[in-house]
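Novice: What follows is each chain in one-letter form.
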Amino acid sequence: MKKLMIVLIAAATLAACAPDKPKMAENMQSKKSAVTDIVDPTKGIGQVKNVTLHNPLDADRIQRGQDIFDMKCSACHQLTDQRIVGPGFKDITKRRKPEWIMNMITNVDVMLDEDPVAQELLELCLMRMPNQNVSIGDARDILEFMRKNDGEE
Amino acid sequence: MKINRIILLVTVMASLVVLNSCKPKGPGSVTTGDAASKVYVAPGQYDEFYNVVSGGFNGQISIYGIPSGRLFKILPVFSVFPESGYGFSEETKPMLNTSHGFVPWDDLHHIALSTTKGEHDGRWAFANANNTPRVARVDMTTFRTTEILEIPNSGGNHSSPFITENTEYLVAGTRFSIPMGDNVDVPISSYKENFKGSISFIKVNPETGRMNIEFQLRTPGFNYDLSRAGKGPSHGWFFFSCYNTEQAYTLLEVNASRNDKDFIMAVNWKKAEEYLAQGKGKKEKVKYAHNVYDETTHMATSSILNEVTVLDVMEFPDLVYFIPCPKSPHGCDVDPTGEYIVGSGKLAAVMPVFSFSKFQTAIANNDYEGDFDGIPVIKYESALHGEVKKPGLGPLHTEFDANGNAYTSFFVSSEIVKWNVKTLEVLDRVPTYYSIGHLSVPGGPTAKPHGKYVIAYNKITKDRYLPTGPELTQSAQLYSIEGDKMQLLLDFPTTGEPHYAEAIPASLIRDKSVKIYPIEHNEHPYAAKGEKMARVERNGKEVHVYMTAIRSHLTPDNIEGVRVGDEVYFHVTNLEQDWDVPHGFAIKGANNAEILIMPGETQTLKWTAKEVGVVPFYCTDFCSALHQEMSGYVRVSPAGSNTPLKFSTGDTGGQK
Numbered sequence: 002m003k004k005l006m007i008v009l010i011a012a013a014t015l016a017a018c019a020p021d022k023p024k025m026a027e028n029m030q031s032k033k034s035a036v037t038d039i040v041d042p043t044k045g046i047g048q049v050k051n052v053t054l055h056n057p058l059d060a061d062r063i064q065r066g067q068d069i070f071d072m073k074c075s076a077c078h079q080l081t082d083q084r085i086v087g088p089g090f091k092d093i094t095k096r097r098k099p100e101w102i103m104n105m106i107t108n109v110d111v112m113l114d115e116d117p118v119a120q121e122l123l124e125l126c127l128m129r130m131p132n133q134n135v136s137i138g139d140a141r142d143i144l145e146f147m148r149k150n151d152g153e154e
Numbered sequence: 083m084k085i086n087r088i089i090l091l092v093t094v095m096a097s098l099v100v101l102n103s104c105k106p107k108g109p110g111s112v113t114t115g116d117a118a119s120k121v122y123v124a125p126g127q128y129d130e131f132y133n134v135v136s137g138g139f140n141g142q143i144s145i146y147g148i149p150s151g152r153l154f155k156i157l158p159v160f161s162v163f164p165e166s167g168y169g170f171s172e173e174t175k176p177m178l179n180t181s182h183g184f185v186p187w188d189d190l191h192h193i194a195l196s197t198t199k200g201e202h203d204g205r206w207a208f209a210n211a212n213n214t215p216r217v218a219r220v221d222m223t224t225f226r227t228t229e230i231l232e233i234p235n236s237g238g239n240h241s242s243p244f245i246t247e248n249t250e251y252l253v254a255g256t257r258f259s260i261p262m263g264d265n266v267d268v269p270i271s272s273y274k275e276n277f278k279g280s281i282s283f284i285k286v287n288p289e290t291g292r293m294n295i296e297f298q299l300r301t302p303g304f305n306y307d308l309s310r311a312g313k314g315p316s317h318g319w320f321f322f323s324c325y326n327t328e329q330a331y332t333l334l335e336v337n338a339s340r341n342d343k344d345f346i347m348a349v350n351w352k353k354a355e356e357y358l359a360q361g362k363g364k365k366e367k368v369k370y371a372h373n374v375y376d377e378t379t380h381m382a383t384s385s386i387l388n389e390v391t392v393l394d395v396m397e398f399p400d401l402v403y404f405i406p407c408p409k410s411p412h413g414c415d416v417d418p419t420g421e422y423i424v425g426s427g428k429l430a431a432v433m434p435v436f437s438f439s440k441f442q443t444a445i446a447n448n449d450y451e452g453d454f455d456g457i458p459v460i461k462y463e464s465a466l467h468g469e470v471k472k473p474g475l476g477p478l479h480t481e482f483d484a485n486g487n488a489y490t491s492f493f494v495s496s497e498i499v500k501w502n503v504k505t506l507e508v509l510d511r512v513p514t515y516y517s518i519g520h521l522s523v524p525g526g527p528t529a530k531p532h533g534k535y536v537i538a539y540n541k542i543t544k545d546r547y548l549p550t551g552p553e554l555t556q557s558a559q560l561y562s563i564e565g566d567k568m569q570l571l572l573d574f575p576t577t578g579e580p581h582y583a584e585a586i587p588a589s590l591i592r593d594k595s596v597k598i599y600p601i602e603h604n605e606h607p608y609a610a611k612g613e614k615m616a617r618v619e620r621n622g623k624e625v626h627v628y629m630t631a632i633r634s635h636l637t638p639d640n641i642e643g644v645r646v647g648d649e650v651y652f653h654v655t656n657l658e659q660d661w662d663v664p665h666g667f668a669i670k671g672a673n674n675a676e677i678l679i680m681p682g683e684t685q686t687l688k689w690t691a692k693e694v695g696v697v698p699f700y701c702t703d704f705c706s707a708l709h710q711e712m713s714g715y716v717r718v719s720p721a722g723s724n725t726p727l728k729f730s731t732g733d734t735g736g737q738k
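Read top to bottom, the protein sequences are chains A and B.
Heads up, the numbering used here is the position in the first sequence plus 1, with the first residue counted as 1.
Heads up, the numbering used here is the position in the second sequence plus 82, with the first residue counted as 1.
It should be emphasised that the hints constitute simulated quantities derived from the structure, not laboratory data.
A hint or two may mislead.
Claimed, not checked - Computed cross-link-like contacts, DMTMM-like style, restricted to lysine to aspartate or glutamate with a CA-CA straight-line distance of at most 25 Å: (1) Lys614(B) to Asp71(A); (2) Lys594(B) to Asp110(A); (3) Lys614(B) to Asp68(A); (4) Lys149(A) to Asp139(A); (5) Lys149(A) to Asp114(A); (6) Lys614(B) to Asp114(A); (7) Lys614(B) to Glu642(B); (8) Lys728(B) to Asp92(A); (9) Lys614(B) to Asp59(A); (10) Lys50(A) to Asp110(A); (11) Lys614(B) to Asp82(A); (12) Lys688(B) to Asp376(B); (13) Lys688(B) to Glu172(B); (14) Lys597(B) to Asp68(A); (15) Lys594(B) to Asp376(B); (16) Lys728(B) to Asp41(A); (17) Lys471(B) to Asp510(B); (18) Lys353(B) to Asp510(B); (19) Lys623(B) to Glu693(B); (20) Lys597(B) to Glu165(B); (21) Lys597(B) to Asp82(A); (22) Lys614(B) to Asp92(A); (23) Lys594(B) to Asp151(A); (24) Lys597(B) to Asp139(A); (25) Lys670(B) to Glu711(B); (26) Lys278(B) to Asp453(B); (27) Lys597(B) to Asp114(A); (28) Lys50(A) to Asp660(B); (29) Lys91(A) to Glu356(B); (30) Lys692(B) to Asp660(B); (31) Lys530(B) to Glu201(B); (32) Lys364(B) to Asp267(B); (33) Lys149(A) to Glu602(B); (34) Lys597(B) to Asp92(A).
To be verified - Computed list of chain B residues with no C-beta within reach of chain A, every gap over 10 Å: (35) Ile156; (36) Ser464; (37) Gly612; (38) Gln659; (39) Pro726.
Backbone N, C-alpha and C fix where the C-beta goes; we use that ideal spot for every residue, glycine too.
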């Protein structure tokens, strides 16, 4: 029993000594998910676990998605495959899972710190994608717009 | 001459104090061993209090953390601030408009934090402009000046912006009496006959905070210095210290120091409301500006108003009473219970504490020693709770804790004196370095002081810091008041010259802090909400650039077709929606300033094209690894040239 206590205290002390990440990232983003939460690493990290897609595409969603894209995304992302600040959007829905895309949009700081694909992209672009304060509902609209951009109907 | 002897005595004592304090003692000798740990806020940890500090002659407010004394922000109020573009951007220029035109500077003395039921509510900070009379409102969610109201019929707004229990009213009392009305071209020597005082009661909308001058009191021609509202039992009353009851108009130093007693003026503002409801106020033609900043259009508008309602206190004998107070009173502070009013006569050897209930009884019994211009003067003893004997030299201001103690600053003897409000007994005294003006206990002017510290704001620092030439910093000093004895913990230099300050628990403000302006809600007429809307339009000699900023480019960043003589308006919209990512905009040769644009906001810098050439512009706020790349060019062609208007970003078609 005594030994267990010592171990526990030591563990607590170690944990307390570990350097904390800056608090801001946590405040700004939904709580960091533990590694065990990642059921499917290709879905990225965040609140979006499962997205069900429908065809035909939802025209209202596409329009809303385009409006948000124009306002918050188009400064850095083209609809072609050309990279300007960030990667071009063409064929993104073929390369990435819908969950990954929506987590990248809504949980970008955690994705850039922990998701291997997001980190590779950061090395390529050398510019942290900003948190554009997009809700999960709005991210779903952007996803619909991306599917349209990739030729789905 | 008695006065001269007193002045001599005071001077000698002051120099003794200074001489004594100037002996090098080393900073360690005045603090005890654990002081450092009490003010140490570890990296990444937060302070317990916000300290909202007036900047005096810099016209701004500074925000410090307590107990660390760290400076977080300089918040421009009455003075232009080229660092952010406040007063220079097209959107903020109207904030500094007055009936005298654009006034780029003022002297900001006092802070009043909004209260509900007499307690801090963390919504707004109000501040006065002492020179060109104005009152400002700062929104504590954005730490920005959102409203400025000019005060007509005022010679200098010193007795301001003190606040009632539920932020019903702020007051603005004129420091200098002046001739008012139709006949103002009068000899200065006709002071007694023609000069009047004026106290404005500014109503605050409980939802929006929007201010308007509900009424003005026309009062005898004195100097109105400071004031405090009643609270609890005295709610409905306001108390003003008055000096120069001699009505001197030259060499006030001597001529306004003759009377043994001046007055505290007690105003029954509930009574004033009754008279107004009965239509007894007189409308007067005046001219004053009212400036409001709209956080949806991101733009200020200034309107000129033309009328105030005036009640002449001489015509309403039960509206105002004078309480005699020795001698040239400065502070006039009401304790948390609302029962006691402390008068601090700058030249007096005692400090009177008046009792509100005795004052009410005296009125009921017509217990007057006479009148001044028809206004009843209460007998001194009848309103007096008692005097603090030999408290110190040159009392100025008093704040309170929650345990019935008062803390008074003494300018001449350079100390804070702690005393008990009921027993009037002096309990403790500590030196300040040097010449304290105002002081602040967190929640000290409210019905529920938070206590813990008292902060001294010192006028002189002499040998306290590394010298910086003839002009030295002012300072603040932090003392613990948790034990019986006050304990000096820290001193820190301040910006500007602090006068009054308030401290408020961080918990009342911190979580309400705005992080971004949602770009969806941006209704600025020149906003470019997305790069698709970025463009350049010509309208005669005006060129409007609808520009966007996001890490790390400006769009458009190549502009051609501007001609010499054009007035170019750069309307920059920050497309970022993340906290702490402002962008800046500066262009070579600008005669105004730069602008900082917060996430989701639009701000405009006007620039006149004066010479033929290609002129760079760039982002001034280090925003990313490619911040140095965040730049662009404007090509300026000769007047009358036909270079076509063109704009682009990322177009390299022309490059050979």
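Novice: For each hint, tell me whether it holds in the structure or not.
Specialist: To see whether the hints hold, each was checked on the structure:
Proposed proximity of Lys614(B) and Asp71(A) is supported: the alpha carbons are some 6 Å apart, at most 25 Å. Of the pairs offered as hints, the one joining Lys594(B) and Asp110(A) holds, with about 22 Å between alpha carbons and a cut-off of 25 Å not exceeded. Annotation: proposed proximity of Lys614(B) to Asp68(A) holds, straight-line Cα distance about 10 Å (limit 25 Å). For a cut-off of 25 Å, the pair hint linking Lys149(A) to Asp139(A) stands: about 16 Å separates their Cα positions.
Under the criterion of a C-alpha separation no larger than 25 Å, the hint pairing Lys149(A) with Asp114(A) is inconsistent with the structure, at around 30 Å. Distance restraint check for Lys614(B) and Asp114(A): the Cα-Cα separation of roughly 31 Å exceeds the 25 Å cut-off, and the hinted pair is therefore not satisfied. The suggested pairing of Lys614(B) with Glu642(B) holds, with an alpha-carbon distance near 19 Å, which does not exceed 25 Å. The suggested pairing of Lys728(B) with Asp92(A) is violated, with an alpha-carbon distance near 33 Å, which exceeds 25 Å.
Restraint check for Lys614(B) and Asp59(A): the C-alpha separation of about 24 Å stays at or below 25 Å, so the hint holds. Proposed proximity of Lys50(A) and Asp110(A) is supported: the alpha carbons are some 17 Å apart, at most 25 Å. Under the criterion of a C-alpha separation no larger than 25 Å, the hint pairing Lys614(B) with Asp82(A) is consistent with the structure, at around 19 Å. About 20 Å separates the Cα atoms of Lys688(B) and Asp376(B), which keeps this hinted pair within 25 Å; it holds.
A threshold of 25 Å between alpha carbons decides the hint, and for Lys688(B) with Glu172(B) the separation of about 7 Å falls inside it, so the pair holds. Of the pairs offered as hints, the one joining Lys597(B) and Asp68(A) holds, with about 23 Å between alpha carbons and a cut-off of 25 Å not exceeded. For the suggested pair Lys594(B) and Asp376(B), the alpha carbons sit about 18 Å apart, so the restraint of at most 25 Å is met. At most 25 Å may separate the alpha-carbon atoms for a hinted pair to count; Lys728(B) and Asp41(A) exceed this at roughly 49 Å.
Straight-line distance between C-alpha atoms of Lys471(B) and Asp510(B) comes to about 14 Å, which keeps the hinted pair within the 25 Å bound. As the CA atoms of Lys353(B) and Asp510(B) are separated by approximately 40 Å, the hinted pair breaks the 25 Å bound. For the hint pairing Lys623(B) with Glu693(B), the CA-to-CA distance comes to about 15 Å; that is within 25 Å, so the pair holds. A threshold of 25 Å between alpha carbons decides the hint, and for Lys597(B) with Glu165(B) the separation of about 20 Å falls inside it, so the pair holds.
Taking the CA atoms of Lys597(B) and Asp82(A), the gap is near 33 Å; set against the 25 Å cutoff, the hint is violated. A C-alpha spacing of about 22 Å is found between Lys614(B) and Asp92(A), which places the hinted pair at or below 25 Å, so the restraint holds. At roughly 42 Å between alpha-carbon atoms, Lys594(B) and Asp151(A) are farther apart than 25 Å, so this suggested pair is violated. As the CA atoms of Lys597(B) and Asp139(A) are separated by approximately 20 Å, the hinted pair is consistent with the 25 Å bound.
For the proposed pair Lys670(B) and Glu711(B), the alpha carbon gap of about 16 Å is at most 25 Å, so the pair holds. Of the pairs offered as hints, the one joining Lys278(B) and Asp453(B) holds, with about 17 Å between alpha carbons and a cut-off of 25 Å not exceeded. Taking the CA atoms of Lys597(B) and Asp114(A), the gap is about 22 Å. The hint holds against a cut of 25 Å. For the suggested pair Lys50(A) and Asp660(B), the alpha carbons sit about 24 Å apart, so the restraint of at most 25 Å is met.
Between Lys91(A) and Glu356(B) the alpha-carbon distance is near 72 Å, which puts this suggested pair outside the 25 Å criterion. As the CA atoms of Lys692(B) and Asp660(B) are separated by approximately 37 Å, the hinted pair breaks the 25 Å bound. In summary, the hint linking Lys530(B) to Glu201(B) is supported, as the alpha carbons are separated by about 6 Å, within the 25 Å threshold. At roughly 22 Å between alpha-carbon atoms, Lys364(B) and Asp267(B) fall within 25 Å of each other, so this suggested pair holds.
Under the criterion of a C-alpha separation no larger than 25 Å, the hint pairing Lys149(A) with Glu602(B) is consistent with the structure, at around 23 Å. A hinted pair counts as satisfied when its Cα atoms are at most 25 Å apart, and Lys597(B) with Asp92(A) does not qualify at roughly 34 Å. Non-interface status of Ile156(B) relative to chain A is upheld: no Cβ of that chain comes within 10 Å, the nearest being about 22 Å off. With a closest Cβ-Cβ approach of about 58 Å to chain A, Ser464(B) is found to remain outside the 10 Å limit, as its non-interface label requires.
For Gly612(B), the condition that its CB be more than 10 Å from all CB atoms of chain A is violated, with the nearest at approximately 4 Å. Look at Gln659(B): its CB is around 4 Å from the nearest CB on chain A, not clear of 10 Å, so calling it non-interface is violated. With a minimum CB-CB distance of about 25 Å to chain A, Pro726(B) clears the 10 Å threshold, and the non-interface call stands.
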